Each structure stands twice: as structure tokens, then as C-alpha cells.
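Student: Residues per chain are reported as follows:
There are 2 protein chains.
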Amino acid sequence: MAQKPSIPKGTRDFGQQEMAERNYIFDTIRSVFRTYGYRQIETPAMENLSTLLGKYGDEGDKLLFRILNSGDAFSGIDYGQYRLEGDSYDSKALSLKVSEKGLRYDLTVPFARYVVQHQNEISFPFKRFQIQPVWRADRPQKGRYREFCQCDVDVVGSRSQVNELELVQIVDRVFSLLGIRVLIKINNRKVLTGLAEICGFPERVVDITVAIDKLDKIGLEKVEEEMAGKGLNAEAIAVLRPVLLLSGSTEGKLATMRGLMNGGSASGIVSETGLGGLDELEELFGLIDAAGVAQDVEIDLSLARGLNYYTGAIFEVKALDFPIGSICGGGRYDNLTGIFGLPDLSGVGISFGADRIYDVLKGLGKFPADLATGTRLLFAVMGADELRYVLPLAKTLRERGVSVEVWPEAGKLKKQFDYAAKKNIPFISINGSDEIAAATVNIKNLVTGDQKAFPAGDVDAILAFLG
Amino acid sequence: MAQKPSIPKGTRDFGQQEMAERNYIFDTIRSVFRTYGYRQIETPAMENLSTLLGKYGDEGDKLLFRILNSGDAFSGIDYGQYRLEGDSYDSKALSLKVSEKGLRYDLTVPFARYVVQHQNEISFPFKRFQIQPVWRADRPQKGRYREFCQCDVDVVGSRSQVNELELVQIVDRVFSLLGIRVLIKINNRKVLTGLAEICGFPERVVDITVAIDKLDKIGLEKVEEEMAGKGLNAEAIAVLRPVLLLSGSTEGKLATMRGLMNGGSASGIVSETGLGGLDELEELFGLIDAAGVAQDVEIDLSLARGLNYYTGAIFEVKALDFPIGSICGGGRYDNLTGIFGLPDLSGVGISFGADRIYDVLKGLGKFPADLATGTRLLFAVMGADELRYVLPLAKTLRERGVSVEVWPEAGKLKKQFDYAAKKNIPFISINGSDEIAAATVNIKNLVTGDQKAFPAGDVDAILAFLG
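One line per chain: the protein sequences are H and D, in this order. My numbering puts the last residue of the first sequence at 507; the count rises by one with no breaks. My numbering puts the last residue of the second sequence at 507; the count rises by one with no breaks.
In isolation and in its complexed conformation, chain H is listed as follows:
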């Protein structure tokens, strides 16, 4: 019985056109990573569950795709042991019993595992990139998939802001090459900690940051109401007001913040942590000025991405001409590898969102026009003699790097023209007994209508005509 074939929800097939477009994105990103001395690694799709569990919170554990143990996963299991009451079973314990491996949920944890496992083979600072699919058992919806490609670049083993600079330069260069205008927003986790400290609520970093983040949407008054609702007192809110009103140049913002952190706020509290964060931001922006960056870069104190794990710089990139969320982001983490037994290894990294970048390029019509071109030239064939006549030339052109097809079935020209049209093949070559006798080839440009005959041996002239 024939089945109607389908694929699991949340997964995708990538056809030839889409692959060409996706490869254009990946090739661009990869080429920039390489010029900055980052080199590729790959890790297995399956990791031991002991590597993955507990790294993404309870919610993350639930979203892991687990793999049934191979062989007879269910044999020899004493189900009674897993019975809770009545006919209900301890599902969590049972699934751990029959499954010891899971699919990679992101590239960060496998990278941390890799660094620890291979620490003796690695030269630090270790600069790596990794472009591989990850899997999450999320509810599929528009723009959210259960299998998607992550594109991560990280350096571990150096605390220098030169690393942050290079990531900003990489972002700048990638999006310039792709023709996407972006705003690169930078924050620092230590500054957020400092804000909470100077308003007297050091433990409320998240609440404060989340409230600040809403300023654009709901305005100063509502943000202050929200802070009050979260239990911040009037004094604390008074301390934060100048931060909420912060605007102007990067230098101005940094100077204002330095004053506040240095005891100049209404509370008079000094935050050493906050000052340290400002030092880092100041150094980074100084390096950005020295190196030169084409795209917009700004400090955004409301940027609150990854507050649970970022310890220094925080990055987020938005497309200026297309309404979509962040298309790239990352930050510095001080203890990525600690959980695997290698403490105090600081790193910083960013991740490019390939699916969203794809949507931006599609939406703005920025994919190069000639990306679609697979085959450049189709040799039409009407019979066995014509076929044998064109084979050596087809071979030579291919060895010179041209994508060439030879029509495999002797037959009607109409079908061959249709094929060329459907596949957007721009050149067709039709040769008969006259051409064979004269040792020439006829090539027609299907776009312009230009047609020319060449001596079959004049490969350079043919290559020039094919463009």
C-alpha cells in the first residue's frame, strides 16, 4: 500500500533554490569567521542525556528530544517499580530508564563539553565556529521550528575586550556583505548589576531591567508604576529616573552613568561592579572607534538578553529596514565550562539566526539575482551522433568550472527548451550534422536571444560567451 508521505511537524525539506539561498548566507558568515581566525568544529547530533539535562532549566529538559536506547529498550524492565498509584506510572523515571541519549538542544553546551573534553589538545585563546542543526520539542509555529540551524562563533580563554570588538566587527562585516543595514546594541551585565546596587535593591536586577526594557513601548510613567508594583520604593525609582532619561552620544551616556555609579545618584551608593562594567564598555567603544565599523553601534542599557548566564558584554542585532526580532545576539560568560569540571574559563560568543536572516533577505529582496543559476549551459541532443559529438566539449567546460548539462534522451527539442526554461538555464547549444561536419558548436543565449557559432576547440571564446 502506498503511503502519503510527509515529514514530522516543525521540520522542513530544503529544495534546491532554498538551499542555494541558505548556502549563500552560511558561506558569507563562514568566510568572515575565517578571516578573523575562527575555525570550524562539529559535534555529534546525539549527546549523553547526562551532558544535556539540567543545563536549560526544567522547561528546557522537557524540550529535549530523547532517543530510545538501541536494541530492545523495553526488555527486562520491572514496570512495577515505576508504578505510582493505580494505573499511573513515573513517566520521568521510566523515560530515563529507556533513553540515555538526546538530540543537541543548542551548540553552547556541546561546545562547553568539547572544550573540557579536549582541553589538552586546544591552544587558548580557542576561537571556534560551529554551524549545525539543533532540535527542540517546542510547539511549532510560524518561524519556530523543531529542527533549525545555529551558527555560533565563540572564543574562550581570554578576558580581553579585543574579543568583544572582533565579534562586533564580524557582525558589521557579515551584514554589510549581505546588504542588510543593522543596529548593533551593546549592554553589560555588570552595569545592570550596578544599577540594582545603587538603587538599593541589588537582588532585583531582573525586575529592574525588564521594566527599563519597556520604556519605548509604555513610557516613563508606566515604567515607574511597574517598578513600584514590583516593590521598589520611591527613593529607588528616583535613582533610576536619570537612567531612564538617558540619551545622546555614547560618550555622554557613559559619563552620566559613571557619575551615577560613582556615588552621584540620589542614594549616594557607589557600585564597583557597575564601574567595572562601564570600564569595559568604554574600552570596547574606544576599540570600535580605533578599528572602524560601518554599521550603527549603540549602548542600550535595556538590553536584557541572557541575564541568567551572561556576566559581561551583551549583544543584540536588529535589522533596520525589516520588522523582525533580533537576528543575531550573544554575550560574555565567565563560567561556561565549570559544570563540566573546568572552572574560570571566560568566553564570549554570538549566534547568527539563519532563519530570520533568510526572512530579512527574502523580505528586502536582497538575495543576489544569479544565485538561482544552477546549470549555465544545456547541450540539446537529437540523436546518438550529436550526443557523442558534444560529450568531450561538455567535459572540458565542466573541468573549467562551468555547470553543464547534456540532455540525456535523444528526442524533441521542445521538451529540452521547456526544461531549460523551468530550470532557468540561460544558454542552450543545439548541434546537428552540419555542425559536426564543420566542427563547430552553436550556442544561444536564451535571455538576450544572441546566437553564435564557435570552432568546437575554441574553449576560451565559448567560456567568454557563457560569461
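Treat the hints with care, as some may be off.
The list treats identical chains as one, so a pair stands whether inside a single copy or across any two.
[Unchecked claim] No more than 30 Å apart at the CA atoms, straight line, and that leaves these computed lysine-lysine pairs for BS3-like: (1) 137 to 44; (2) 95 to 270; (3) 182 to 137; (4) 44 to 132; (5) 137 to 95; (6) 44 to 95; (7) 102 to 49.
No wet-lab data here; the hints were simulated from the structure. Bear in mind that the values here come from a model prediction, so they are computed numbers and not experimental data.
Start from chain H and add chain D according to the hints.
Tutor: Just chain D now, kept in the frame of chain H:
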């Protein structure tokens, strides 16, 4: 508690050097596929089990990695329903209940599924390649992994031998580019069927082929003994003897076989199927002569790969200078997509064994020497001023495609030289206050010891020095 990190058995991490080597193989293969008009697709790692089960035989079903349903896979299951006797449960039924998806076992079945599912978007003949990992719960051993990359190229929707020719040309070109001398062996399933027919045992194709396959190892006498042991009578063995003794040129082999298939054997039986297979082989070798192929190609009637599914040409490629099994193989199949409801679509394809090709290149020392080169130039840095001085030049060189690193920590030169040595970085640039004052840069070739100073703005001269 720190865990000692590890990866599941049968899986691998690929470090930076190995990735460079693997990418060299994949890039070479991909570039050749493209010049023949083949274009890439990708399919999801997970397929519905209904797509995978029953396609690889009972043994294959056991080797599928199955994925636990997401959410609470075990909740609401009436275990009593799966109880067989005592405390034993119907493991197969239970695993189907908790798992509806599996990891891709090969690229062939997903490709067939893809063609049927997308048949209305595809132009036939459909030429595709696909390079993705597959997963098999095989017992891991030397050279056999549970995750490995397949590299398949197929065309469906054309019965012409031109397709077989192109696959032979692709094999020829790929291994010529990689510098591996190979023997391309070709057989045809119809000829094997014909042999069984003319010796009067049409249903014994596999036994006969397996016996012929052992000729090199055990000799004519033992092969005939084995055939007798399988129940072939003396007359049948007499019919097969001239085949076992077959040698000489391709033309000679084809002529001898044609005589035998055409009633000239001891049995006098004519095999139309066998004659059809010989027609195909003759046409293919004629096309190979017309096109020109650099590597050795020969007919090998003992080639028995994929007898269960190949219906026409059968290919196998061996490295001539390195003892390893087949490094590439494939054949023609007439009903790949039938199981998914699209009958009579003939296709032909081959698969490159990336891991074995890797072993051959390693074994023969054929990887290009400069593959290791990630970073070309390291800017050493001794302080903040030097750092800012080199940043713009580093940026320009990167934009010109050179892989450049800037040492991130101001500090001792020794450590920076050690880093360059460990990473095989061939050029180092050291600049101090003198160079800044003179607006020059010093670059040293660490391999030759050559050292030169350049005006900092003379990028072309610097690029020329960096090679």
C-alpha cells in the same frame, strides 16, 4: 558536581584540523556535482517512522534510532495491554506507542519520500545531491560509526545511459582532483539475471553471483564446488565456466557474453534480459570512450552490490594504492518511489564514502599541505597603543580575504610566538613606538625567517608578501 564529559559511543567530535580535511573532501565532491548540473537538497534528521520502517529489512528496522514522543511519552499508557506473560511486555508494540519518529538511516529513502512529496514542484529529470549525516544503531567498531556522513548524487526520471556515463565521469573527476588512483568497476543486474537464466536456475541469481564473487580469493575449482553445494547441477556449472574464465578487453568480454546469452552456451538458452543488460553495458562503454575518462574503468561481472534493489547498472570504486573496501558505489533502481505511491520512476545514483576517502587521503599523505593553515598572520600586541595602531590594517586585510588574528591580551611576546607556532601561523607582525612613528609595519615570515617593513598603507605589497 563536575561530570567527566564524554560522547555516546560510535559518535565523533571533529576538531579544527579534521574539519578542514573533511571540508576539503566535501568541497571537492560538491564542486564536481555542480558542474554536472546536480543541485543540493536537505531533508530533516527526523522522519516519521512510517516512512522508515520496512524499507531496510528487519535488520534495518532494528538499527533505527527512535525518538521518544515529546511531552509525556509514557503518560496514559495502559501497560496491561502490552503484557505478554508474567512480567514480560511486548517491547516492539510499546516502543511504537511511545515513539513515532526516527533518525534518518540513509539518504535514499528520504530522497524517495522527497521526490514523491514534491513531485509537482520538480522538473524531471531531477538531478540532486545531498550531503548529510545518517544514524545507525550498529555495533560500533573500527571504521564503523553510529553517526556518519553520506554524500549521495542521484538523477531520477530518465532511463538513458547518459546518466550512468555522467556518474562515471563524476567519479573520475572527483578522484582525479583528490589525487587518488581508482578502478571503477561496472556490472549490470540484467546480465546477472541472464546468467542465472541461461544456466537453467533463474531464481538463483544471488547464489550464483556470490560464488562468482569469490573467484579471486578461492579459485575456479572451489567456486564450482560451492555452486554444486548450492544445488547447481553439472550442466549449469558448465554453462557458467566460460563466464568464470572471462578476461581480456571490455569489447572481448561483451562479445563473449553476447554469444552465451544469445543461445551459444552449453544450455542453448537465450536470455532476452541478459541481452538487454549487455546492450546497456555496450552503450555505456561507448559513451565512456566518446567522453574520455582518465581513470581505469572495467566490467566486473562478479560485482554484486545491492542485488535487492538495483535493476540495471551497478558501480563500485576501489582505491588502487590503498587497501580499503569500496570507497564509492551505486547503481540504477527502477522503482525507488513506488512504495510512496509514485511507480515507474527510474533513477540511478552513487554514494561517496567520506570516512573511507578520508582514510585513503590520510594513508597516502594526499591532503594538501596548506590545508592546515587557518590564520595567515598574527599581529602581536604589547600594549594599548600598538593594538589601536594595527586594528585598521587588520580590518583591511580581513576584508581582502586574509585570515588575520590580533593578539587580544597585551603581554609577553614569547606567549604570542608560542601561540603562532602551535597554530602553524606562518606570519607574525610586531610593531612598537618606532613603527607607529614611521607609519610602517614589520612582518616576519616564521617559516623562512624573512622579515620586511612596509608602509602601513601599502596593502598590496603586504598582501604580496603574505602570499
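Student: Look at each hint and say if it fits the structure.
Tutor: Evaluation of the provided hints:
1. 137 to 44: between (34 Å within a copy, 21 Å between copies)
2. 95 to 270: Within. Shortest intra-copy distance 28 Å satisfies the 30 Å Cα cut-off; inter-copy 59 Å does not.
3. 182 to 137: Only across copies: residue 182 and residue 137 sit 28 Å apart there, 34 Å inside one copy, limit 30 Å.
4. 44 to 132: Classified as between: cross-chain Cα gap 24 Å, same-chain 34 Å, threshold 30 Å.
5. 137 to 95: both (20 Å within a copy, 29 Å between copies)
6. 44 to 95: Answer is between: at 15 Å across copies they meet the 30 Å cutoff, but 39 Å inside does not.
7. 102 to 49: both (17 Å within a copy, 24 Å between copies)
Consistency with the previously given hints is maintained throughout, with no hint failing.
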